[in-house]
Amino acid sequence: MSSQVKQCKCRKETEQEKYERIGRIVDEYKDREGSLIQILHAAQGIYGYLPVELQKFIADKLGKPLSEVYGVVSFYSFFSTKPRGKYTIRVCLGTACYVRGGKKIVEKLQEILGIGIGDTTDDGMFTLEVMRCIGACGLAPAMMINDTVYKQVNPDKLQSILEGLR
Amino acid sequence: MEIYRAHVLVCTGTGCTSSNSGKILEEFEEHLKKNNLENEVKIVKTGCFGLCAEGPIVVVYPEGAMYTMVRPEDVKEIVEEHLLKGRIVKRLLAGDKEQETISKSLDNVEFFKKQKRIALRNCGVINPENIDEYIAFDGYKALAKVLTEMTPQEVIDTIKKSGLRGRGGGGFPTGLKWEFASKSKDDQKYVCCNADEGDPGAFMDRSILEGDPHSVLEAMAIAGYAIGANQGYIYVRAEYPIAVRRLNIAIEQARNYGLLGRNIFGTGFDFDIELRLGAGAFVCGEETALMTSIEGKRGEPRPRPPFPAVKGLWQKPTILNNVETFANIPVIINKGPEWFASIGTEKSKGTKVFAIGGKINNTGLVEIPMGTTLREVVYDIGGGIPNGKKFKAAQTGGPSGGCIPASHIDTPIDYDSLIELGSMMGSGGLIVMDEDTCMVDIAKFFLEFTVDESCGKCPPCRIGTKRMLEILERITGGKGEEDDIEKLEVLAKNIKASALCGLGQTAPNPVLSTLRYFRDEYEAHVRDKKCPAGVCKAMVNYVIHAELCKSCGICARNCPVGAIKGERKVPYVIDDEKCIRCGVCMEKCPFKAIFKNA
Ligand SMILES: Cc1cc2nc3c(=O)[nH]c(=O)nc-3n(C[C@H](O)[C@H](O)[C@H](O)COP(=O)(O)O)c2cc1C
Ligand code: FES
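Residue numbers (this note's numbering), protein chains in the order written: chain A, 1 to 166; chain B, 1001 to 1598.
Calculated from the structure, these hints are not laboratory results.
Worth double-checking, as some hints may not be accurate.
Result set (DSS-like, lysine-lysine): computed pairs, CA atoms no more than 30 Å apart in a straight line [as the list claims (entries may be wrong)]: (1) 61/A - 1316/B; (2) 103/A - 1578/B; (3) 1457/B - 30/A; (4) 103/A - 1596/B; (5) 104/A - 1466/B; (6) 157/A - 1565/B.
Chain B on its own, in the form it takes in the complex (with noise of 0.2 Å):
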């Protein structure tokens, strides 16, 4: 192997490919070669380093140096200056610019701070298309040892031990799930993987898979030895190219290496691994959904019991866990159940990744130890909410979740705190609201997502959901009748007790959980017509201010509706009737005359 004496890492992952990181790898190209440089540094593609509002990112070690928001013209800079010179070019640091040395600069970072890194620990360090980054880093060392030196029985008892659960929502014990499996007798028996993300607003899985693909086929072959199966499937969503193709460039390499295929490591192991595409069903996300999909079925889910630990893919025994669960394994193996157990609350072992969205400065994703409160997360890591905003709410769990409201923002985050506040852990999706979010019309998005995404099989998810959405666009639309709020709890009680899966079961939680901690928003909705925080379209409208507004006319330019009339020297006047409050004005007057009355 040839040894560098530095090394650039450009993050290749979809949100920094999006922000062009393809062009700076090369220009980095280019002026390494420029500068006689190639053979002293080299440049890793590596998956996402969690940051991706600040994208794209170029981490140069040996200093760590971590530079943001890169643009193509800044290549030559970090060339000449730092790979040639040996001077770090200051203004393209992220966090704390003025720092005089950085040892280590991710540390240095507020973002990074409060991570531990587990399960993404090799995103954005190797490069996910090459094995041997993998390996050099630990990869399949855990593989190896649970083949040569464990039986199948220890396996799952040091998983069990290590207190993981499952990261795909439920957080059932994992090793509880490996042992109902292993205990299920049958010549064929089968692991899967859940990488169909289904939560809109979570990304975690799929920067795994683009970022160490490697770490997830480990682990299911290693889940394989311990319940007895030769062949795992990897349901991933085809709205994830990128993904799609590391993965299927790691299978490749893993069976050139041995390490998939028939006599793993000489044991007599066998284990092969293939890909199924899904094809835009959020149901698919449900475990017996998604086996039926992989049969190449409508992905409709079955009724339980029987468990898939019993009958499950093709009727024979299957696990199913999901991208993230999996990561957790090949550390847990390597450094021991004991060392996993020590992180985290008492019931909730280990990290969870979170990806945090909404109005907060630093959207990405951010692996924290569980028992972190939702204060740390949104305020040290997320670097707060922008334009001086108030905090309102946190919703997780996405369209099964609830919202965590600001009253409760100290909470330690777990899997039993959050079903306490009437919302879930879900995949990991944490979407942060501001004052200026209404939250009965995000009740009704997420309503408008189960709705559409209802499979369709049961009455009380296929009609009951369709009902609380009327009633909702009732609210929101201005129209809503005194009895509404308690017609949408009952609704909601009668959908939650008899949906066939738990797509249905869990539809009304958003509303629940909205109506729990929000009721004086809908009691403002249906009894005063107005929206407190000026979402609602049907309930606001647009006034420009007689002595502020200029005559300049640019709010009658852009109206879409030609609603704006007015002369000059006159001030302009909106035609209510034609408006259609889009709110374009409001954001183009450059005097700040118009306004929205809530």
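The shape of chain A in the complex, shown without the other chains (with noise of 0.2 Å):
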């Protein structure tokens, strides 16, 4: 399992940094027509969510007024405006994964973290969220913890795939 958990060794980037990161690729964007969902998820990367201040730095250098940014941010779920655990787990409810039992799995999770879906646990450790389909339907139910599918989950495994984590 080494090899899926990637992990940057580098020294941890400062706040300054990060802002600097995302302005340049700002400018980098900036003349091309309609980037700004691309410029979102760039963001979204580099700072890991998207407070309103970061949005606003994004809107003015782009020249675009914050609610046009927010509106974008808001639309979509994939953006998030409250920070995130260090790994977020998504579990899938769609319609394969319902049908084989995916709710059990969000049920057994919240009551293992002690959160409801969307929240983060205090650690800073874990986000829960639920999804629609992560395309391993034929492997249902299934769910993803950042990038890495985890396949016909067992609700009673739960807890030690979790502890392999900490």
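Using the hints, put the two chains back together into the complex; each one sits in its own frame.
Structure, rendered in structure tokens:
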């Protein structure tokens, strides 16, 4: 499994460096029509989430009103305005997974983590989300932890899966 | 090019990756090296074979032996027995393990027998990250033929003649769509690919992008030539990281080979492709919303007309096709429209890929000729229903579709027969349900989905679907009222007639379709306050059978809310007030002494 968890060994980027890096990306995309969503993807990738200050920063650099940026951020469920945990757990509740008991996985995770859907644990480790189909329907019920897909998840094994990540 | 005497194909699609195929790859590399076989046997990382539930999957050529559920510790045996000594490892073979000789094992597996792979032709066969393998399998040959031998109108005529219809849902004739766009006069036009795959329960587009990305790129360039566009966009879900990565690799390789970019094949034709990532909004699969989203805005749909073929992306003439639609194009050009039109039914030509899931033994991707019956899909290819349960219905078309009940299991599947049954083809999700599935609960599930995903622009969809969901929640919560079923029907008709886009217009379908075939289940919920399938929690309770109970206490220890009490030698009892109806006790009881009352 070690190959699946890639961790950056480099020193932690400071707040300012993150902003600078996002700024460079905005400059690069600026003149390409319709690239706001791509910029937001990149910014969320770097900063982890999209707080209002960061949205303002992006809006100013693009010369757009904040309302336009905020409008886009709030429309798409992939963008988050709250900090996320180190691991985002996305449980699939698409049709195939629903029929095969995806709901039980959500309930069990809520119980183990003690948080609701969309929330993050106090220690900043886990964010719990549900999504509709991750394209692994043949292996239902499925969930994703960051970019790794877990197949045929057994609610009884969740505890040990999470332990493995801590 | 080096010559290898054997090839080992390891699936690296999303399914098998989650079944740890990465480790299998490493093991192969190690054991081939150990046995000095690395110059004789080539390892190929492929896309999805379709049989995800049996993964990880390894196929060894030239024998074509298909090994399923391979564990890392099995690799040593495959290398030492099969690759070194030429003895196939029978215990790992898919399907009929008794078979003495397996010449073409893939065809021996029941799962593949009735399939015909056109759109999936290369999935599981080539390494998607290597353009040379795609080219070796006739890749970019169709583009060369189109650019050097055909006029744009001839391309359009070929597609029209093939009878290909859109695989993304609506089934609109592809050739006709291209013709409309080609007739629009403008200096700038666009070709877009819909890889948003919103139907929860479908993953064929993902598998094509992961297993054969070049076929989509090639087809988009062909479409560009046909309508006079030189820029393409692929709108792909951010939830598909492997697909995104392989698309990026493929675009880069095609540019390096001069198959994308300026002056392709020296013909003066320019065409390039950019990726745009979706961001988790189902409505963006709808064509006008998708284009608004590519423009970087909130993905709200626009009224039609004007149609995209006239005014689409950035108000320019645009065509949008689905991934699977595109994947068929190069084959149609290479093999001819007559060949394609000879497959399928009168009005639905070719094949369709279905993602079969739910209560069925072989879950996975299958590509079947149009006109195959649902029975063949469920029993021959799908291997029937697990645990000897009874088939109840199959759901197609996702949140826009409906269900096909057991009484229609012999219907040949094509666009028109599904519409007639009150469902639709959709993008190809096919979810099988057995006797334990509550149809009212399923209708509620889809309504929850549409309420979540409604973009909020038009009131019939925003408010109407919410009202429908409230009624369904009431019914499944055991509080249904006498006229609720009629109310649902009236609301459904009004929403269908007045919503702005396809999302709202089709949202009531799952309710209408379950009402059509399973009205008695709705009535049981409303009148008798009973859920016949025993799913709706408000209407079931659990009891411990006093004579069967051995007072072991396992149920009480596993009950998450402490609702079970008892002591040694006395049968345990469930406190119905406290019970949250999770069913854990019933699962855990070693003596099968706990029952569910529906
Ligand atoms: C709410 C909604 C969601 C849709 N989602 C998808 C989708 O995820 N993928 C897709 O290919 N088509 C989807 N469609 C259909 C597209 O609007 C469009 O018809 C299709 O992409 C055209 O390509 P085709 O002619 O090749 O099928 C959706 C339509 C609606 C109304
Ligand atoms: S429904 Fe869960 S992966 Fe598709």
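Here is how each hint holds up against the structure:
no., hint, verdict
1, 61/A - 1316/B, "28 Å, holds"
2, 103/A - 1578/B, "20 Å, holds"
3, 1457/B - 30/A, "29 Å, holds"
4, 103/A - 1596/B, "19 Å, holds"
5, 104/A - 1466/B, "24 Å, holds"
6, 157/A - 1565/B, "26 Å, holds"
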